[in-house]
Amino acid sequence: MKEIDTTQMMKTWIFIPIYLFLAAPLWAVDWDKRNAEFTTGVIPILKAACIECHSGSEADGGLSLTHFKSAKMVMKERATWEKIAVRLAIKDMPPADAEPLDDSKRKQLIDWINLAINDVECGKTPNPGSITIRRLNKFEYRNTIRDLFGIDYEPAMDFPGDDVGYGFDNIGDVLTLPPLLMEKYLKAAEDITRKAIIAPEPGPMFENFYKLEQLKPKSGGAAKASEITLWSNADIKWDETIPWSGTYYLNMLLGGSRVGNVGPRVLISVDGKKVREIDVKATPETRDDYQVMMKLKAGKRNISVAFTNDDSVEGKVEGKKGQPKEDRNLHIYSVGISGQKPSEAVPLSSLPESHTRIITAVPNVTQGPQDALKKVLTAVARKIYRRPISTTEVERFVALSKNAMDDGESYEGAVQVAIQAMLVSPNFLFKVETPEAKTPEGYPLVNEFELASRLSYFLWSTAPDDQLLSLAWRRQLREPGVLAGQVKRMIDDRRANAFVENFAGQWLTLRKLDMFEPNEAMFPTWNEEVRDLARRETYTFFAGVMRNNLSVLRLLDADFTYLNEKLAKFYGIPGVEGDQFRKVSLVGQNRRGILTQASVLAVTSNPTRTSPVKRGKWILDNLLNTPPPPAPPGVPELDKAELNGTLRERIEQHRADPACASCHKLMDPLGLALENYDAVGRWRTRDAGEEIDASGEMPTGEKIKSAGDLIRIMREKNSEKFVRCLTEKMMTFALGRGLEYYDRCAVDQIFSKTKVDDFRFVTMVTEIVLSNPFQRKGVRDDLESLE
Amino acid sequence: MSAKRISRRTLLRGVGTAVGLPWLEAMAPITRSVMSAEETKAPLRSLFFSVPNGAHMAAWTPSGEGPRYQLNKTLECLAPHREYVSVMTGLTLDGARAHGDGGGDHARSGASFLTGSHPKKTNGSDIQNSVSVDQVMAQNLGSKTRFASLELGLEGSAQAGNCDSGYSCAYPSNLAWRNATSPLAKENNPSAVFDRLFGGENAAEKAKSKSVRQAQRKSVLDFVLEDANDLQKKLGTADKRKLDEYLYAVRDVENRLVRSDKLKLGEDGIPNFPRPAGVPRDWSEHCKSMMDLLALAIQSDSTRIATFMVCNEGNNRGYPNIGVPEGHHDVSHHGKSSEKQTKIQKINTFHAEHFAYFVDALARVNEGSGSLLDNCMIVYGSGISDGDRHNHDDLPIVLVGKAGGRIKTGSHHRYAKETPLCDLYVWMLQQMGVKADSFGDSKGVLKVS
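Here the protein sequences come in this chain order: A and B.
For reference, each letter of the first sequence is one residue, going 1 to 787 in our numbering.
For reference, each letter of the second sequence is one residue, going 788 to 1236 in our numbering.
Simulated from the structure, these hints should not be mistaken for lab results.
Some clues are possibly wrong.
[What the hints assert, rightly or not] Estimated spans, in silico, between C-beta atoms of each pair:
#1 B:ARG1028 to A:ASP466: 45 to 55 Å
#2 A:PRO388 to B:ARG1028: 19 to 29 Å
#3 A:ARG489 to B:LYS1020: 30 to 40 Å
#4 A:THR125 to B:ASN1016: 27 to 37 Å
#5 B:ALA845 to A:ALA688: 28 to 38 Å
[What the hints assert, rightly or not] Derived pair list, reagent style DSSO-like, types lysine-lysine, alpha-carbon separation capped at 30 Å:
#6 A:LYS375 to B:LYS1021
#7 B:LYS1133 to A:LYS187
#8 B:LYS907 to A:LYS187
#9 A:LYS614 to B:LYS1133
#10 B:LYS1020 to A:LYS375
#11 A:LYS76 to B:LYS907
#12 A:LYS341 to B:LYS1005
Note that beta-carbon positions come from the ideal geometry of N, C-alpha and C, so glycine has one too.
From just these sequences and the hints, can you work out the full model?
As structure tokens, then:
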């Protein structure tokens, strides 16, 4: 193409909206002016040409135009209007059987729509948008646990609640947290901590409570089933066979009457030797638990409990004849002994690596349990919460552990409990961001720890590693060149495979490949192994373009791919031997880029045949970001009850209906061009005995003969559209939210910066990372305030 | 041992022994004999099954009306329980209609099936549906059982891409909605369901006494509740909504710890049912395994309310073993081809046979003078009628069970055009003892017998 005149450009297929993105105005929107234009200029055209079909609840294509009363409402539903502009531009609306719309009015309408919906203020402080707090999805959870503890927690794959929105499963608004998931998080936290840290098995328990009437004092007291009373200096004693040497507790429920506010003193002895003396403060009314620790040797021991400070004060008490005024007595309501054999230390050699990494301190002579817990829990909490930990937070973790220890848990077990709490805390399960409020200078940056998490979950689907965190600690993450360097490092890292699987797997809808079960009889060479290999081909290919920092356009037209012997045989490509995937040249083959890879071709097919419509729609949805409108509700029934002929003929009959034609003429030629690839992606020249005809006419007139032509046209005429599509999909994944109209400013910038570097992959990723939406937190502006 | 009164702290030193904690009083299984009179009457259950993509109505709708009706091909498999089967013809799910929102009937009818509302068209940022009928029941009666409700299905949420014409996948993948914005995800792994229901435990867990584990769980949950409350103060509106979901989930799990005493069969009470090994590869086996577990859950009174999504709405799997290798959704757009309609009917029948398998399982369990089936209300059907036209009137709906004797015998009912499906839900809510005179878009109470 030499000179581009605008009318010619109008005819250029589906890529018209490219100029929509250019140079958004820097001035604020003049709504009054825009509204006036809408009322006087636009509405009359709509009324004359569109409203007849597009109104009310049964509107054609589900599109009703009657409720648009102002330019702001047009802005609010800009995606709809963008589609309207495209359909007008390619002249498939109004449809052929409707009243024609003359060219000048058509142009007026398109121009106004484009002006109105692109009226975004990209001035000094465009809104970077607000990401709704994102829960870790199951892949992120599993990866994060792997990196924190070295444990592959496979049950995470059964976690529910990761619904998809905007094509991806990491969208904050859509990720829910049903109670079922909380249950699983709790169970996971327990399983994971038990695997990561080995707590000694608790030893056996010894416990004996005595029947009080069998502990009769020889004198000075009496015993019945409910209590023993000692009224003079006297004792009870009994023999107990102690099973092992160690610490035991004498557990007693006591109360005592007082003289001069002094209660009974009780002496506990073992084998006649004093263990401890206690003063009973509880009265018979307030009886209380008393516990005495005793170190006992195994074997028969004689234990005694003696009352040693009997006293009384004579005097008359009203109504109580013959009793002293004050009388100190001891009441014993229960007595028992308990002990637990110390647990056996776990031999060092059998401790997992995670244990020694986490348990960096144990209580000993120089530090009590509190100090040891503090050290251990601070370090681990920083990693788990992906940020610094406040003193208050540390104190709470220590208190939680300490309570568990007080309740008999071992030190290691108590650390497990605190880590369980961390793993169920919203500070771990969510990517928490709490930036400052907007200032006159603009929207606030997320802090460096939050940025590190945004980065690592974008490119690795896992927590930031030590290098990212330490850059954040030193506040160096945003220093010039550092972020770009980190992006490069992260892409080269193995963990970026998660990006390939999670981003490309969803972008190219390859995760759906598992649900594709082609008819075995018709496609005997396809099986689960081939399916997995085919998906791996695409992932490896995507990773190849990414790691070699090629232009993203190579995804469309590369003359190489990655295969192993099995897959090469499936394709019929000779000369590849062995199980290893390797780069294979496609020169001389009928294949170029992702559109000709079996994974993509299969995922867009039906179990028994190809679906040119689905393939066409797939290209519009995923490569050009111009999804065709959905089939209208109550698809009009065709005059002919059944279609017949070849697939192409049936599709053409279908398209004869003007109601279907407007969309199908966008989708069908794209899909038909791929007819030489069967439902599982093998090359073929005949289908059901008929010669394949892959030719067609693009909606804008280009004649194509084959998949090769289609790919060439995609590459030559659609490259910008494709790059923008990829940028927008990648940003959606990077941010975890759907893109809004104000994101256009960032997309424009990323696009132009990537363009000067030949659309290289790493440049695109870097520019996304450097963009405002990724760096800052703005407001959730969906034009609610506009009416 | 006598006169034992000892502090919780002292007791907890006795790790390894079975001790009760104040908040876990009465850990012992409650038997019917000690229950109140009201409780000894067999409880009523409400279960909801959905199948995707509508049905071939010509083979579904019975001939004749009233109790003497003739079951049609698709539902013939329910013949052994005919006196329990009410076929309800003519009900409408208005919320699933476009109302100016264009395509997306599958997403809408999935989301609307138990809510009766018209879900907001969004890919995610502002999901808006409304509470589902099962959750209204659960919120009123859920405290009576260990699980307020169970959400089951055979597949997770969709894995990638748009689910249906600009609708988030949350819509066609979830039947149960706790409120307008929080769908309740379903469990699709039989072994995980088993573990939830009957506490499959590993050796490490058994090393600790149950009460100590429960006490630690409680302390962990209390701790994170505080974390969440702290965090709540620092967040914006949309974030707060997510944290609310979190808080609800934590409290729900905490309540379940307290209600863990309500498992009536005791810890080892399911002797003849082995723990399933995982998700069977075969669809039919998977389906039956999940249905077995649902029947066990009902039998053990672990819950009285459940939803079961046979497939996500719009599902496009093929059924080669019954001669339908094509995708279900693809074939459902039959374009009046009789060959495709026959295939749709085959899939409908195949699904109905699995449902009949579940009905059989309930019928085999004695309860009072009859079977479990006498005390159930089971809705089975789809929010789409003809998969080709995507119409939402004349829905395929059956109600199985005698609702504790409130339905004398099964009938074929023909309702007036545009009778809301929600009228049936109002009737069910009332039987469950929920004070309600409307639900969703209901216009009244459905007459069911």
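Cross-check of the supplied hints:
1. B:ARG1028 to A:ASP466: 45 to 55 Å: With Cβ atoms ~34 Å apart, the hint is violated.
2. A:PRO388 to B:ARG1028: 19 to 29 Å: At 27 Å between Cβs, range holds.
3. A:ARG489 to B:LYS1020: 30 to 40 Å: holds (37 Å)
4. A:THR125 to B:ASN1016: 27 to 37 Å: holds (33 Å)
5. B:ALA845 to A:ALA688: 28 to 38 Å: With a Cβ separation near 30 Å, B:ALA845 and A:ALA688 satisfy 28 to 38 Å, so the hint holds.
6. A:LYS375 to B:LYS1021: Holds. A:LYS375 to B:LYS1021 sits at ~27 Å (cutoff 30 Å).
7. B:LYS1133 to A:LYS187: Violated, at about 41 Å.
8. B:LYS907 to A:LYS187: violated (35 Å)
9. A:LYS614 to B:LYS1133: Holds. A:LYS614 to B:LYS1133 sits at ~25 Å (cutoff 30 Å).
10. B:LYS1020 to A:LYS375: holds (28 Å)
11. A:LYS76 to B:LYS907: The hint holds at about 15 Å.
12. A:LYS341 to B:LYS1005: holds (27 Å)
Checked against the numbered hints above, the structure breaks hints 1, 7 and 8 and satisfies the rest.
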